[in-house]
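Peer 1: As a plain string of letters, each chain reads:
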Amino acid sequence: SAVISQKPSRDICQRGTSLTIQCQVDSQVTMMFWYRQQPGQSLTLIATANQGSEATYESGFVIDKFPISRPNLTFSTLTVSNMSPEDSSIYLCSVQTLSYEQYFGPGTRLTVT
Amino acid sequence: AQSVTQLGSHVSVSEGALVLLRCNYSSSVPPYLFWYVQYPNQGLQLLLKYTSAATLVKGINGFEAEFKKSETSFHLTKPSAHMSDAAEYFCAVSDMWGSSGDKLTFGTGTRLAVRP
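These protein sequence lines map, in sequence, to chains A and B.
FYI, in our numbering the residues of the first sequence are 1 to 113.
FYI, in our numbering the residues of the second sequence are 1 to 116.
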């Protein structure tokens, strides 16, 4: 398994600002992912964070809005840029182990006013 | 493309009763299947996974799931519900050997309520 922490756990932000969410895992992992969970809904994959190269984004998500960094095998950040109320969601990072299991962080609850 | 359908967005059972949460999948290649649980204001916790070994998979907290290829199903069961099982449950699929690779596709979730 893997233990994942996220910072911040929650934040309230104003429209037009940006927030960077940090994800730290207690072991080196190859695959890291960022998901969005809108209120009362399921999880949607935003992007795969690749170490040493640009993230791979899913349809409907773009780098200018959700820039991602992956400087090493234990850490990644997701920035939510130029926020609007529609960005109010829970953002979760996950990691995949060699046994093909994905473990999730506790999430960052973002409210945009 | 892979997809997951969870029948029943809300399921309510009495404490001690059987829990059955339904999941059907669609995948062009042999899938890997997962069940996750999400307690209020928490992240997701892996309950169990199927990765083409035994079709009956046992997970944590007394849950198990059976992979039925002929029915494209991976239903989650627990013989006796406990109050602490009240949570949101998500079924997920990845086609490890297909075009989507390691990506998980989640169902819409089933909220389980347990009545005293």
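Check each hint, because a few of them may be wrong.
[To be verified] Below are the SDA-like pairs computed for lysine to any residue, each with C-alpha atoms no more than 20 Å apart in a straight line: (1) Lys58/B <-> Tyr103/A; (2) Lys7/A <-> Thr55/B; (3) Lys68/B <-> Thr55/B; (4) Lys58/B <-> Lys68/B; (5) Lys58/B <-> Ala17/B; (6) Lys58/B <-> Ala87/B; (7) Lys58/B <-> Tyr100/A; (8) Lys7/A <-> Leu7/B; (9) Lys7/A <-> Asn41/B; (10) Lys7/A <-> Ser69/A; (11) Lys58/B <-> Thr111/A; (12) Lys7/A <-> Ser99/A; (13) Lys69/B <-> Thr55/B; (14) Lys69/B <-> Ala87/B; (15) Lys58/B <-> Glu101/A; (16) Lys65/A <-> Ser99/A; (17) Lys68/B <-> Leu7/B; (18) Lys7/A <-> Gln42/B; (19) Lys65/A <-> Thr111/A; (20) Lys58/B <-> Gln28/A.
None of these hints come from the bench; they were simulated from the model.
Keep in mind that this is a model prediction, so the values were computed, not measured.
Peer 1: If a hint holds in the structure, say so; if it does not, say that too.
Peer 2: Verification of the hints:
1. Lys58/B <-> Tyr103/A: Distance of about 18 Å is within 20 Å: holds.
2. Lys7/A <-> Thr55/B: violated, 38 Å
3. Lys68/B <-> Thr55/B: holds, 7 Å
4. Lys58/B <-> Lys68/B: The given pair, whose Cα atoms are some 15 Å apart, holds under the 20 Å limit.
5. Lys58/B <-> Ala17/B: holds, 18 Å
6. Lys58/B <-> Ala87/B: holds, 19 Å
7. Lys58/B <-> Tyr100/A: holds, 17 Å
8. Lys7/A <-> Leu7/B: violated, 34 Å
9. Lys7/A <-> Asn41/B: holds, 15 Å
10. Lys7/A <-> Ser69/A: holds, 15 Å
11. Lys58/B <-> Thr111/A: violated, 38 Å
12. Lys7/A <-> Ser99/A: Status violated; Cα separation ~26 Å.
13. Lys69/B <-> Thr55/B: holds, 9 Å
14. Lys69/B <-> Ala87/B: violated, 27 Å
15. Lys58/B <-> Glu101/A: Within the cut-off at roughly 15 Å; holds.
16. Lys65/A <-> Ser99/A: Violated - the C-alpha atoms of Ser99/A and Lys65/A are around 32 Å apart, more than 20 Å.
17. Lys68/B <-> Leu7/B: With a Cα-Cα distance of about 16 Å, the restraint between Lys68/B and Leu7/B holds, given a limit of 20 Å.
18. Lys7/A <-> Gln42/B: holds, 14 Å
19. Lys65/A <-> Thr111/A: holds, 16 Å
20. Lys58/B <-> Gln28/A: With a Cα-Cα distance of about 27 Å, the restraint between Lys58/B and Gln28/A is violated, given a limit of 20 Å.
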